[in-house]
Amino acid sequence: DATVLLPNSSSTAIPMVALIPANATNESNTSEVVTPRPETSASVSPGKVSQSSSTTLQPADHCAKTTCPPYSKCQNLYLSFTCICPPGLAFSLNDSCLPARIFPGTLHLKNKKFSEAMKQKNSKEFHSLANKIQNLMKNIFADEPNYLKSIVRK
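For the sequence shown, full-length UniProt numbering begins at 1 and goes up steadily by one.
I should point out that these hints are in silico values taken from the structure, not numbers from a laboratory. A few of these clues could be false.
Said to hold, decoys possible - Ranges between beta-carbon positions, derived for each pair: (1) E116 to P145: 16 to 26 Å; (2) N131 to T66: 17 to 27 Å; (3) N146 to E125: 12 to 22 Å.
Said to hold, decoys possible - Taking lysine-lysine and the BS3-like style, the derived pairs with C-alpha atoms no more than 25 Å apart in a straight line are: (4) K73 to K154; (5) K149 to K73; (6) K138 to K121; (7) K154 to K119; (8) K138 to K119; (9) K65 to K138; (10) K110 to K132; (11) K132 to K149; (12) K113 to K124; (13) K124 to K138.
For clarity, every value in this text was computed on a predicted model and none was experimentally measured. Just so it is clear, CB atoms sit at the ideal spot from N, CA and C, and this is done for glycine as well.
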């Protein structure tokens, strides 16, 4: 991927892709596709919780207990995971990789300062910003019948 997030930059570049069904009309570009999955939660038994102000929680490995559909791979995110289809494919409603047209792009956010945590796809900072961008793009393309979703890749 040619886009680089620069820590000392006044803007932050956000690579992302927009997806439409493969049978829609337009030129086809391909890129890696990431489909968000439902967030997972954990439960803790009473009496087994310990608190320490000096302890830093490590991201959970959600992929350790996950099986993604054929031809896809699991990627850990903040509080959840995604299954990644190969280039040119996107997840269907039944969780399988199907052909889709992909239109990659890069957003430059002038009012968002880069933080080192944004480099980690499983960080709270990445998760929060990615969700905001994906929701914004969903609203922008709400009237487009062939638009499926936008995905922030890194």
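Here's how the hints hold up against the structure:
1. For the hinted restraint 16 to 26 Å between E116 and P145, the CB-CB distance of approximately 40 Å leaves it violated.
2. Hint check: N131 to T66, Cβ distance near 20 Å, so the stated range 17 to 27 Å holds.
3. In this structure, N146 and E125 break the distance hint of 12 to 22 Å, their C-beta atoms being roughly 32 Å apart.
4. Simply put, K73 and K154 have alpha-carbon atoms about 16 Å apart, close enough for the 25 Å limit, and the pair holds.
5. For the hint pairing K149 with K73, the CA-to-CA distance comes to about 19 Å; that is within 25 Å, so the pair holds.
6. A hinted pair counts as satisfied when its Cα atoms are at most 25 Å apart, and K138 with K121 qualifies at roughly 20 Å.
7. Of the pairs offered as hints, the one joining K154 and K119 holds, with about 7 Å between alpha carbons and a cut-off of 25 Å not exceeded.
8. The straight-line distance between the Cα atoms of K138 and K119 is roughly 24 Å, inside the 25 Å bound, and the hint therefore holds.
9. Distance hint between K65 and K138 is unfulfilled; the C-alpha atoms sit about 30 Å from each other, more than 25 Å.
10. Restraint check for K110 and K132: the C-alpha separation of about 15 Å stays at or below 25 Å, so the hint holds.
11. With a C-alpha separation of about 13 Å, the suggested pair K132 and K149 falls inside the 25 Å cut-off, and the hint holds.
12. At most 25 Å may separate the alpha-carbon atoms for a hinted pair to count; K113 and K124 meet this at roughly 15 Å.
13. For a cut-off of 25 Å, the pair hint linking K124 to K138 stands: about 21 Å separates their Cα positions.
The structure fails to meet hints 1, 3 and 9 from the earlier list, while all remaining hints are met.
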